[in-house]
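Asker: Position 237 of the sequence shown, counting from 1, maps to 237 under this note's numbering, and the rest follow consecutively.
Hints listed in this document are in silico derivations from the structure and should not be mistaken for laboratory results. Fair warning: there could be bad hints in the mix.
What the hints assert, rightly or not - Distance windows between CB atoms, simulated:
{"id": "1", "residue 1": "P287", "residue 2": "P111", "range": "22 to 28 Å"}
{"id": "2", "residue 1": "R74", "residue 2": "V296", "range": "21 to 27 Å"}
{"id": "3", "residue 1": "M20", "residue 2": "P226", "range": "43 to 49 Å"}
{"id": "4", "residue 1": "Q163", "residue 2": "L190", "range": "36 to 42 Å"}
{"id": "5", "residue 1": "M20", "residue 2": "S118", "range": "21 to 27 Å"}
{"id": "6", "residue 1": "R183", "residue 2": "P111", "range": "17 to 23 Å"}
{"id": "7", "residue 1": "E159", "residue 2": "L91", "range": "40 to 46 Å"}
For each residue, glycine too, the CB sits at the ideal point set by N, CA and C.
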Amino acid sequence: MDLRCNLCPRRCNTVRGEAMPGGFCRSPLLPRVARAAPHYGEEPCIAGKNGTGAVFFTGCNLRCVFCQNMDISRGEGGQAVTVPRLRDMLLRLRDQGVDSIDLVTGAHFIPAVAEALSGLSLSIPVVWNSSGYESVDSLRMLEGLVQVYMPDFKYYDPEAARQYSAAADYPHVAAEAIREMYRQTGPYVLYGNGLMKSGVLIRHLILPGRADDARDVIDFAADEFPEGSVLFSLMSQYTPMPGLEKYPELQRRVTAEENRALIHYMQVRGLSGFWQEPDAATEDMIPDWDLTGVPVVS
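Take these sequences, add in the hints, and give me the full structure.
Answerer: Rendered as structure tokens:
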């Protein structure tokens, strides 16, 4: 079996063994999970009243300098799980009564995730919660297995993507990925209780001083898809993390004025969805990466 990985847009062509980390994501082939538990910090149409069963994977194919999950996004921590164990985790979360299954940052584990979901009857929506930096070919492995796509669209400006996430091609890649997600799901559908049954929910985290970039992302969502066909989430929860000495422009929170102006612009552009108030910018919603819900390998 060829273990050289070209799953994501970086196409590292690096060997990733079952337990041996490799590639830009610094991850093995087997999924590594840092936490699998009910989570209440997602949008209301995802979390519902009972929370979403969030599976947080370790590793990432971006290098966001402001990442709130840096303790696990650099490939550290977590527990390797086999496909059968991952499947059991998803069933156990369902049995806890959550309103959806939330697979967080799993792009570098797509083959294993697709295998775990194949033939699995969960009876609740599966949400693919991602950075948006994904290849179309890899996303096609999830077709018919994922009901809701919840990608970030972090930047429209390639220079910002290069500077802050080491991915100058991010805007083009994310746009193509989101188009593929929409192709798979079509316009969003809600249950009568407001929970999302299927479709695409695009997220954008407002960065301080980058209102023009945020407006460009809003324009993309409004211009690319038929009106009322995708949901949009404008997030003002940006919280400066340690290690930003080289980026003084990122060492503050988003102001109420910045936030209010972008909410207004989102509304003017006719996007349905969600937004946050500035008081969302805290570290309270960062989970503990303590292997909750992850089976211990004996």
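Asker: Determine for every hint whether it applies to the structure shown.
Answerer: Comparing the hints with the structure gives:
no., hint, in the structure
1, P287 <-> P111: 22 to 28 Å, "holds (26 Å)"
2, R74 <-> V296: 21 to 27 Å, "holds (23 Å)"
3, M20 <-> P226: 43 to 49 Å, "holds (45 Å)"
4, Q163 <-> L190: 36 to 42 Å, "holds (37 Å)"
5, M20 <-> S118: 21 to 27 Å, "holds (25 Å)"
6, R183 <-> P111: 17 to 23 Å, "holds (20 Å)"
7, E159 <-> L91: 40 to 46 Å, "holds (44 Å)"
Hint violations for this structure: none, all hints satisfied.
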